[in-house]
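Undergrad: Here are the chains, one letter per residue:
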Amino acid sequence: MCLGIPVKIVEINTDEQSAICEYKGVRKKIDLRFVPDVKLNDYVILHAGFAIQKVNQESAEQIYELLDKFEEFKES
Amino acid sequence: MNSLINLKNLKRAEIISDIKKAAEDFQSLNFMEVCGTHTMQIYRAGIPSILPSNINLLSGPGCPVCVTPEEFIDKAIAYLKEGYEILTFGDLYRVPGTYGSLEKECSGKVKIIYSPSESLEYALNNSDKKFILLAVGFETTAPLFAAVVIDAKKKGIKNLFLLCALKLIPPVMRYLLETGELKIDGFLLPGHVATIIGSEAFRKVCDDYKKPGVVSGFEPEDILQSIFILLMLLKYKSRFLEIQYRMAVKREGNVLARREMEKVFQKTKAKWRGIGEIENSGLTLKEEFIEYDISYIHPLKIESQVFNPRCRCGEVLRGIISPVDCPLFDNGCSPQTPQGPCMVSSEGACAAIYKYGR
Numbered sequence: 005m006c007l008g009i010p011v012k013i014v015e016i017n018t019d020e021q022s023a024i025c026e027y028k029g030v031r032k033k034i035d036l037r038f039v040p041d042v043k044l045n046d047y048v049i050l051h052a053g054f055a056i057q058k059v060n061q062e063s064a065e066q067i068y069e070l071l072d073k074f075e076e077f078k079e080s
Numbered sequence: 010m011n012s013l014i015n016l017k018n019l020k021r022a023e024i025i026s027d028i029k030k031a032a033e034d035f036q037s038l039n040f041m042e043v044c045g046t047h048t049m050q051i052y053r054a055g056i057p058s059i060l061p062s063n064i065n066l067l068s069g070p071g072c073p074v075c076v077t078p079e080e081f082i083d084k085a086i087a088y089l090k091e092g093y094e095i096l097t098f099g100d101l102y103r104v105p106g107t108y109g110s111l112e113k114e115c116s117g118k119v120k121i122i123y124s125p126s127e128s129l130e131y132a133l134n135n136s137d138k139k140f141i142l143l144a145v146g147f148e149t150t151a152p153l154f155a156a157v158v159i160d161a162k163k164k165g166i167k168n169l170f171l172l173c174a175l176k177l178i179p180p181v182m183r184y185l186l187e188t189g190e191l192k193i194d195g196f197l198l199p200g201h202v203a204t205i206i207g208s209e210a211f212r213k214v215c216d217d218y219k220k221p222g223v224v225s226g227f228e229p230e231d232i233l234q235s236i237f238i239l240l241m242l243l244k245y246k247s248r249f250l251e252i253q254y255r256m257a258v259k260r261e262g263n264v265l266a267r268r269e270m271e272k273v274f275q276k277t278k279a280k281w282r283g284i285g286e287i288e289n290s291g292l293t294l295k296e297e298f299i300e301y302d303i304s305y306i307h308p309l310k311i312e313s314q315v316f317n318p319r320c321r322c323g324e325v326l327r328g329i330i331s332p333v334d335c336p337l338f339d340n341g342c343s344p345q346t347p348q349g350p351c352m353v354s355s356e357g358a359c360a361a362i363y364k365y366g367r
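Read top to bottom, the protein sequences are chains V and G. Its first residue numbered 5, the first sequence is counted upward by one per residue in my numbering. Its first residue numbered 10, the second sequence is counted upward by one per residue in my numbering.
A few of these clues could be false.
[Stated by the list, open to error] Straight-line C-alpha distance at most 30 Å; calculated DSBU-like pairs for lysine-lysine:
1. Lys164/G with Lys32/V
2. Lys20/G with Lys259/G
3. Lys213/G with Lys244/G
4. Lys364/G with Lys28/V
5. Lys43/V with Lys259/G
6. Lys162/G with Lys58/V
7. Lys120/G with Lys33/V
8. Lys12/V with Lys58/V
9. Lys33/V with Lys244/G
10. Lys295/G with Lys276/G
11. Lys259/G with Lys28/V
12. Lys192/G with Lys167/G
13. Lys162/G with Lys280/G
14. Lys20/G with Lys12/V
[To be verified] A partial selection of chain G residues facing chain V, derived with a Cβ cut-off under 7 Å:
15. Pro73
16. Ala257
17. Ala266
[Stated by the list, open to error] Stretch-level coverage of chain V by chain G, calculated; a stretch enters the list once three of its residues show a Cβ under 8 Å from a Cβ in chain G:
18. 6-12
19. 16-27
Hints are computed from structural coordinates only; laboratory data are not their basis. We put the CB at the ideal spot given by N, CA and C, even for glycine.
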């Protein structure tokens with residue numbers, strides 16, 4: 005239940021403290037109140053509609069790489 | 010069973026070989042994970058089969074749905090019958106109470122949500138209906154429910170309430186260590202709980218009991234690295250806590266999320282399914298937000314029946330038995346016909362072993 009994945013911020017709505025994030029081409033509105041200092045193109049960990057922490061791009065990409073590897077492994 | 014060793018991944022093979030070498034210094038070790046996502050990943054990746062035979066991984070009470078008591082489901086069903094509509098994460102939908110499950114009883118009036126914030130939309134768009142949001146989860150999710158309550162109050166919403174069974178991880182770790190029912194040599198600690206409460210909260214537990222713990226990420230590599238770090242902590246004994254999931258975990262956690270959680274909730278005695286009551290291990294709404302607590306606004310007395318006595322989820326949750334030791338495992342209890350919560354939730358130890366572990 006505490007699942008969280010890094011997502012990229014592609015739009016910010018500062019009035020509402022919300023943003024649009026993107027993961028594998030899917031866009032979703034998320035709540036930014038716990039991580040208000042994010043900027044466009046930053047990465048955050050998304051948990052059930054809320055950003056819970058900012059992460060750097062390198063860490064996020066490492067996770068994506070591991071996830072992809074896992075998918076390949078499952079398919080092989 | 011597929012194992013990680015089949016992966017063409019040198020880095021992974023290197024960690025496994027480091028673990029094997031480091032484990033030679035020890036007799037037998039029990040490492041407990043207290044996170045449903047870790048449980049699922051451990052079995053999904055076949056990690057137990059590639060570890061040296063003296064390292065035993067135990068699944069602790071880390072799946073929120075699994076530790077939610079039967080009476081909570083009974084209560085939710087009772088509220089449905091009183092005319093409320095229920096909003097819940099999908100995981101809880103099929104969990105059996107002592108009478109039935111939300112799915113079996115009144116599926117039409119139960120809405121599955123992805124985020125607690127969706128409940129505000131439901132309440133605003135249906136002012137003629139009354140909604141109960143089932144607040145289940147650990148510290149990772151509690152701030153989200155706090156945010157919903159704060160927003161509901163700000164927007165003047167009067168038709169949304171919480172049925173609260175939020176729980177806290179450090180107190181249940183202390184409980185397990187205090188009872189000494191089980192030899193635990195180290196903990197794999199939940200990375201996203203620590204993202205919110207901070208590594209310091211876990212350091213206190215590990216230091217108090219001189220028990221190593223590693224705050225771990227969620228990919229198989231992260232978990233393997235964390236197991237290796239646990240072995241190093243046991244070997245060198247210089248400290249008891251290490252953070253492997255450094256990308257997201259800070260010493261103080263997420264201060265804003267913690268503040269929101271502390272504004273809305275206070276600690277309370279809570280019942281854990283299969284374990285019993287533990288002081289200060291749960292959260293309840295504070296006086297200032299009591300109008301959102303359905304147990305206060307509309308108290309219901311329910312009489313729960315005796316739960317299936319053959320279901321041994323309680324012992325699975327305390328790490329005492331492996332799911333395969335339960336007489337119902339794959340013998341009347343499966344993800345299609347779950348008899349207990351550990352088989353319902355995809356993060357439950359029984360479901361994980363049923364799906365990946367054999």
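Undergrad: All hints are to be evaluated individually against the structure, with a verdict given for each.
TA: Each hint, compared with the structure:
1. Lys164/G with Lys32/V: holds (23 Å)
2. Lys20/G with Lys259/G: Since the Cα atoms of Lys20/G and Lys259/G sit roughly 26 Å apart, the hinted pair holds (cutoff 30 Å).
3. Lys213/G with Lys244/G: With a Cα-Cα distance of about 20 Å, the restraint between Lys213/G and Lys244/G holds, given a limit of 30 Å.
4. Lys364/G with Lys28/V: holds (26 Å)
5. Lys43/V with Lys259/G: holds (20 Å)
6. Lys162/G with Lys58/V: holds (28 Å)
7. Lys120/G with Lys33/V: Given pair Lys120/G, Lys33/V holds - Cα atoms ~20 Å apart, limit 30 Å.
8. Lys12/V with Lys58/V: Since the Cα atoms of Lys12/V and Lys58/V sit roughly 10 Å apart, the hinted pair holds (cutoff 30 Å).
9. Lys33/V with Lys244/G: This hinted pair is violated, its Cα atoms lying about 46 Å apart.
10. Lys295/G with Lys276/G: holds (9 Å)
11. Lys259/G with Lys28/V: holds (27 Å)
12. Lys192/G with Lys167/G: Roughly 49 Å between the alpha carbons, so the hint for Lys192/G and Lys167/G is violated.
13. Lys162/G with Lys280/G: Distance ~28 Å between Lys162/G and Lys280/G Cα, so the pair holds.
14. Lys20/G with Lys12/V: Holds - the C-alpha atoms of Lys12/V and Lys20/G are around 27 Å apart, at most 30 Å.
15. Pro73: holds (5 Å)
16. Ala257: Nearest chain V Cβ about 4 Å off; hint holds.
17. Ala266: holds (4 Å)
18. 6-12: holds (count 3)
19. 16-27: violated (count 0)
Hints 9, 12 and 19, counting from the list given before, are not met by this structure.
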